[in-house]
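Chemist: Sequence:
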Amino acid sequence: MKINPELIYPNIECQTKEEVLKFVANQLVKSGYVTEKFVESILEREEVFPTGLPTLPFGVAIPHTDADKVMEPIIAFASLKNPVKFKAMGNSGADVEVKLIFMLALDNPEAQLQTLQQLTSIFQNEEMVKKLAEVNSSEEFTSVMHVHY
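Last residue of the sequence shown: 209 in our numbering, with the numbers rising by one and none dropped.
Calculated from the structure, these hints are not laboratory results.
Glycine included, each C-beta is placed from N, C-alpha and C at the ideal position.
Treat the hints with care, as some may be off.
Taking lysine-lysine and the DSSO-like style, the derived pairs with C-alpha atoms no more than 30 angstroms apart in a straight line are [stated by the list, open to error]:
#: 1; residue 1: K191; residue 2: K145
#: 2; residue 1: K90; residue 2: K145
#: 3; residue 1: K147; residue 2: K62
#: 4; residue 1: K191; residue 2: K141
#: 5; residue 1: K147; residue 2: K191
#: 6; residue 1: K190; residue 2: K145
#: 7; residue 1: K62; residue 2: K145
#: 8; residue 1: K62; residue 2: K191
#: 9; residue 1: K90; residue 2: K141
#: 10; residue 1: K82; residue 2: K145
#: 11; residue 1: K191; residue 2: K82
#: 12; residue 1: K190; residue 2: K82
#: 13; residue 1: K62; residue 2: K190
#: 14; residue 1: K191; residue 2: K90
#: 15; residue 1: K62; residue 2: K141
#: 16; residue 1: K82; residue 2: K62
#: 17; residue 1: K97; residue 2: K147
#: 18; residue 1: K147; residue 2: K90
#: 19; residue 1: K82; residue 2: K141
#: 20; residue 1: K190; residue 2: K147
#: 21; residue 1: K62; residue 2: K97
#: 22; residue 1: K97; residue 2: K82
#: 23; residue 1: K97; residue 2: K145
#: 24; residue 1: K147; residue 2: K82
#: 25; residue 1: K141; residue 2: K190
#: 26; residue 1: K90; residue 2: K62
#: 27; residue 1: K97; residue 2: K141
Per label pair, the in silico range of CB-to-CB distance [to be verified]:
#: 28; residue 1: N185; residue 2: V108; range: 25 to 33 angstroms
#: 29; residue 1: P169; residue 2: N196; range: 30 to 38 angstroms
#: 30; residue 1: K90; residue 2: S152; range: 32 to 40 angstroms
#: 31; residue 1: P169; residue 2: E104; range: 15 to 23 angstroms
#: 32; residue 1: P65; residue 2: Q178; range: 27 to 35 angstroms
Please construct the entire structure, taking both the sequences and the accompanying hints into account.
Modeler: Printed below as a string of structure tokens:
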């Protein structure tokens, strides 16, 4: 699971899921990991196939889109100062107050499945979710993740 320290955004202030998705996706575009179409594609996919997970103590979202928009596989992370509403993954239509976002830019469906499984194991650990919500720097994020892996 490759996460570039330059793509870790702790405690950002966004009011809506669209705002946070655009912010993180645009950072991936600027860094050269994805095509310009990635931003629009991630927003469209989130509407049709929501990625909010009602984890404890905070909700998590794992937005991703088609591999053809990815030039180099990477994961970006953002934590929100205040949670924003995402729709829950699946068909429930329920709202999830999300505080952590792991945006996946992966070019291989098998790698995507493996990464989702790794992330899910993190999200099932309430203490880990809490620690990730508290990070204030890319160094802290790397330290917390290193303990888990």
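Chemist: Does each hint hold? Answer for all of them.
Modeler: Hints versus structure:
1. K191 / K145: Holds: K191 and K145 sit about 21 angstroms apart, inside 30 angstroms.
2. K90 / K145: holds (26 angstroms)
3. K147 / K62: Cα-Cα ~26 angstroms, so holds.
4. K191 / K141: Distance ~14 angstroms between K191 and K141 Cα, so the pair holds.
5. K147 / K191: holds (23 angstroms)
6. K190 / K145: Holds, at roughly 18 angstroms.
7. K62 / K145: At roughly 27 angstroms apart (the allowed maximum being 30 angstroms), K145 and K62 satisfy the hint.
8. K62 / K191: holds (19 angstroms)
9. K90 / K141: Measuring from Cα to Cα gives roughly 23 angstroms; hence the hint holds.
10. K82 / K145: With a Cα-Cα distance of about 15 angstroms, the restraint between K82 and K145 holds, given a limit of 30 angstroms.
11. K191 / K82: holds (25 angstroms)
12. K190 / K82: Given pair K190, K82 holds - Cα atoms ~24 angstroms apart, limit 30 angstroms.
13. K62 / K190: Holds, at about 21 angstroms.
14. K191 / K90: holds (28 angstroms)
15. K62 / K141: Distance of about 24 angstroms is within 30 angstroms: holds.
16. K82 / K62: holds (21 angstroms)
17. K97 / K147: Between K97 and K147 the Cα gap is close to 22 angstroms, so the pair holds against 30 angstroms.
18. K147 / K90: Roughly 27 angstroms separates the two Cα atoms, so the pair holds.
19. K82 / K141: holds (17 angstroms)
20. K190 / K147: holds (21 angstroms)
21. K62 / K97: Roughly 22 angstroms separates the two Cα atoms, so the pair holds.
22. K97 / K82: holds (12 angstroms)
23. K97 / K145: Cα-Cα ~24 angstroms, so holds.
24. K147 / K82: The given pair, whose Cα atoms are some 16 angstroms apart, holds under the 30 angstroms limit.
25. K141 / K190: holds (13 angstroms)
26. K90 / K62: holds (17 angstroms)
27. K97 / K141: holds (28 angstroms)
28. N185 / V108: 25 to 33 angstroms: Since N185 and V108 have Cβ atoms about 29 angstroms apart, the given range 25 to 33 angstroms holds.
29. P169 / N196: 30 to 38 angstroms: holds (34 angstroms)
30. K90 / S152: 32 to 40 angstroms: holds (34 angstroms)
31. P169 / E104: 15 to 23 angstroms: holds (19 angstroms)
32. P65 / Q178: 27 to 35 angstroms: violated (18 angstroms)
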